[in-house]
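Chains A and B, in that order, give the protein sequences.
Numbered by our numbering, the letters in the first sequence go through residues 1 to 450 in order.
Numbered by our numbering, the letters in the second sequence go through residues 1 to 450 in order.
These are calculated hints, taken from the structure and not from any lab test.
Among these hints, one or two may not hold up.
You can't tell identical chains apart in this list, so a pair holds if it fits in one copy or across any two.
[Claimed, not checked] The calculated BS3-like cross-link candidates involving lysine-lysine, where the alpha carbons are at most 30 Å apart (straight line), are:
1) 181 x 162
2) 83 x 241
3) 46 x 227
4) 241 x 162
Keep in mind that this is a model prediction, so the values were computed, not measured.
Protein chains: 2
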Amino acid sequence: MRFELTREFLDILQEAISAQNIAWINENVCELHEADIAAIIDELEKEEATYLFRLLNEDTQSEVIVELDEDVREQLLQSFSNKEIADQLENLDSDDATDLIAELPADQLEEVIGLIEDPETAEEIVDLLNYAEDTAGGMMQKEFMKVHLDWPVNRCVIELRKQAEEVEKVFTIYVVDDAEKLVGFLSLKRLLFAKPNTLIADLYQNRNMISVKTGDDDEDVAKIMEKYDLVSVPVIDLQGKLVGRITIDDVVDVIKEEADKDFQMASGISEKVESSSTVWRISRARIPWLLIGLLGGILGAQVISGFEGGISKVPQLAFFIPLIAAMGGNVGVQSAAIVVQSLAKGNDQFGSIWKKIRKEMMVGMINGVLLSGLIYVITLIFGTPILGLVVSISLFTVIMFAAVFGTLIPLLLDKYKIDPALATGPFITTLNDVLGLFIYLTIGMLLFNI
Amino acid sequence: MRFELTREFLDILQEAISAQNIAWINENVCELHEADIAAIIDELEKEEATYLFRLLNEDTQSEVIVELDEDVREQLLQSFSNKEIADQLENLDSDDATDLIAELPADQLEEVIGLIEDPETAEEIVDLLNYAEDTAGGMMQKEFMKVHLDWPVNRCVIELRKQAEEVEKVFTIYVVDDAEKLVGFLSLKRLLFAKPNTLIADLYQNRNMISVKTGDDDEDVAKIMEKYDLVSVPVIDLQGKLVGRITIDDVVDVIKEEADKDFQMASGISEKVESSSTVWRISRARIPWLLIGLLGGILGAQVISGFEGGISKVPQLAFFIPLIAAMGGNVGVQSAAIVVQSLAKGNDQFGSIWKKIRKEMMVGMINGVLLSGLIYVITLIFGTPILGLVVSISLFTVIMFAAVFGTLIPLLLDKYKIDPALATGPFITTLNDVLGLFIYLTIGMLLFNI
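Excised from the complex, chain A in its bound form (with noise of 0.2 Å):
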């Protein structure tokens, strides 16, 4: 059943731990989900996590050590001799097994592979070490059912039953030719009520049949078998052969990051960093955003300072310059979050730009009547007439520059091969807050006779 983790396990584990109460550990802990006893050994200190990991049964050890957060991984396996991580090695499946041991040390990583006792095991992690992190071949996993065109369903079942060792997940079986190409699948359900002697060419199918190549980026992995609802699906090299299978998942980690960076972007955290990072680290991911906002601010100060004189004599036009700034750069972003996300689901490659534009200037005109209306009679309170109609035809004429840069520059990023994510950031914003001063300004000057 479900486990929640709540302080008060942890501090019962704790003191079980430090009277080395097995018997407790073994009744509370070990019969846990593999996820669950990670969960737990993330919230360990070290000496504590490796005490607990050693407890666990071989197969268990395995599984959790991949749900493990990395830092805490990384500490525990120094705690391990090379031969440990070996053996640990052929417990996982080859793509689990290969990022772990992609964590290593390049010395280490060379040894550890010496000590690896099944060759078999050695030569798919060796192989699948070759492929780029963020590629189908870097996430694809060796162990996956394959059957051939010209068998029966009795020899399948044979064959299937020494795969099926290696397999943890079956979803589908793999249909290949004698070049070992991947021509088609069958399900197991398929499988499991055919008649013994029907052969795999007259059961197979192949419409359908969607395959990545080991090249493919893990993004566009991710967008197909979502597209096309795939709980695994298969790798094929260049010559067509069929090499790994990705699951499902794999994707959804995929997927997962893939939002967190465009969130990121969107709040101006430019390299992927978690709250468990360094400190060093997180103030590396931020500064390149806070430079442009500065960039922004500078320039801000030199249009302002270019309208010095107007501003002594109606020191009232400096109230409303954070406000100009700020409308400016809230529509800029919300107008380019919209197109982002379309982009970010392909949905968009036949709108054409310009309707989008004139969407966005419709959205731009509503919301920028509305506000302005508003500001005119709040401005009064403020100062003179004209200054309602200074920032209230500013406001107007902001939001709607915002609209059109926040839909454009998105739709030009993406056209130059550049993240759409980008536009949402500190970069729309500052662009809208220079531009919305200007703009603010220069109307200033105009009604104000200055």
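Starting from the structure of chain A, add chain B where the hints point.
Same frame as chain A, now just chain B:
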């Protein structure tokens, strides 16, 4: 194989449709994957879409209809008689059929249900319509395979053969007791390789059995499937009876939607809208955030007006108003985004609030010192060393405050069960804008001795 939709393909297809070139359409469209056909239909005009759809065979039709955009599907269904809709429903999985019929107006819905021929299908749909859309019950389907604890393997194969007609994708066979209570599961793999007279009771597994309840929130279901790497999860009612299952493809949609929602929040859009939504809906979704921005701008104007005398004496102070406001907002959003993400992952139930704030303050310190130093040098271009001092001290202070608020506010929102993603939108930007202005102008007054 994979298909890429191009403008050229659409042009040729539209010609073929207007020329009623059925042979070309059959060869080039009808053999494609359903998801691709749906993507094509999404791009066609209503009459073309209806024409093309009617050329598809019945099974393909139902698959395509599920994959269509909601508004395209609605249009298409308008050209269907109620009987035709009822026939479509019989070909669909019960969850998809329920989603489809739920989109119809209430009176049409009842009539369509009356026209469904298979009583079991009708009953399943009526049952599923009871559950709220965003719960496990609203996501589940009635198609799954189940066996009884006391059956031998050979009986299972016979029973499952019957069940298999209804179930498109089998991942796991569920095992129930006499009271239909879920007691465990059996992989198809295990069944395939078992001896015919083995009892299920001796074959099934119940360790790590994860299930969800009908009333569970859809986002919780997504988190559970993600955490435990599940491709399907059984759904039980309050008595523990097995009533349905949820498959990973539906969960991937929930994960995407959730990520989209956070992204939109961060971009200041309050409801789920897409670039295809109406102008009115888009405008409405944005106005709340713009009003917050407007309110912030007005408060900012209030703050500045309180310093009017100072600004007329030292108009250079006005130059850096946008810079201070923008930087406070940027830093606040960055800090908030990290907290929101780790809350979304459920990583942080045990991290103390103070530890997090300390860390953010250290990050703020590093970036603050760097940026303040930089701005001090640059400010000298615009004015006196005192102005430089005012701007750099204020900037540092604002960055520190923004870091603390950015961390604190999402944590507080989360504590009071409000979506912490709210904090990454204009909310925090606005707060930091106003606060930053106050700090800046106060320091300015003090150092310029006004």
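Now for the hints, and whether the structure bears them out:
1. 181 x 162: Cα proximity of residue 181 and residue 162: one copy only (21 Å, versus 34 Å across).
2. 83 x 241: neither (34 Å within a copy, 47 Å between copies)
3. 46 x 227: between (42 Å within a copy, 23 Å between copies)
4. 241 x 162: Result: close within a single copy only, 21 Å intra versus 36 Å inter.
The structure does not agree with numbered hint 2 stated previously, though it agrees with all others.
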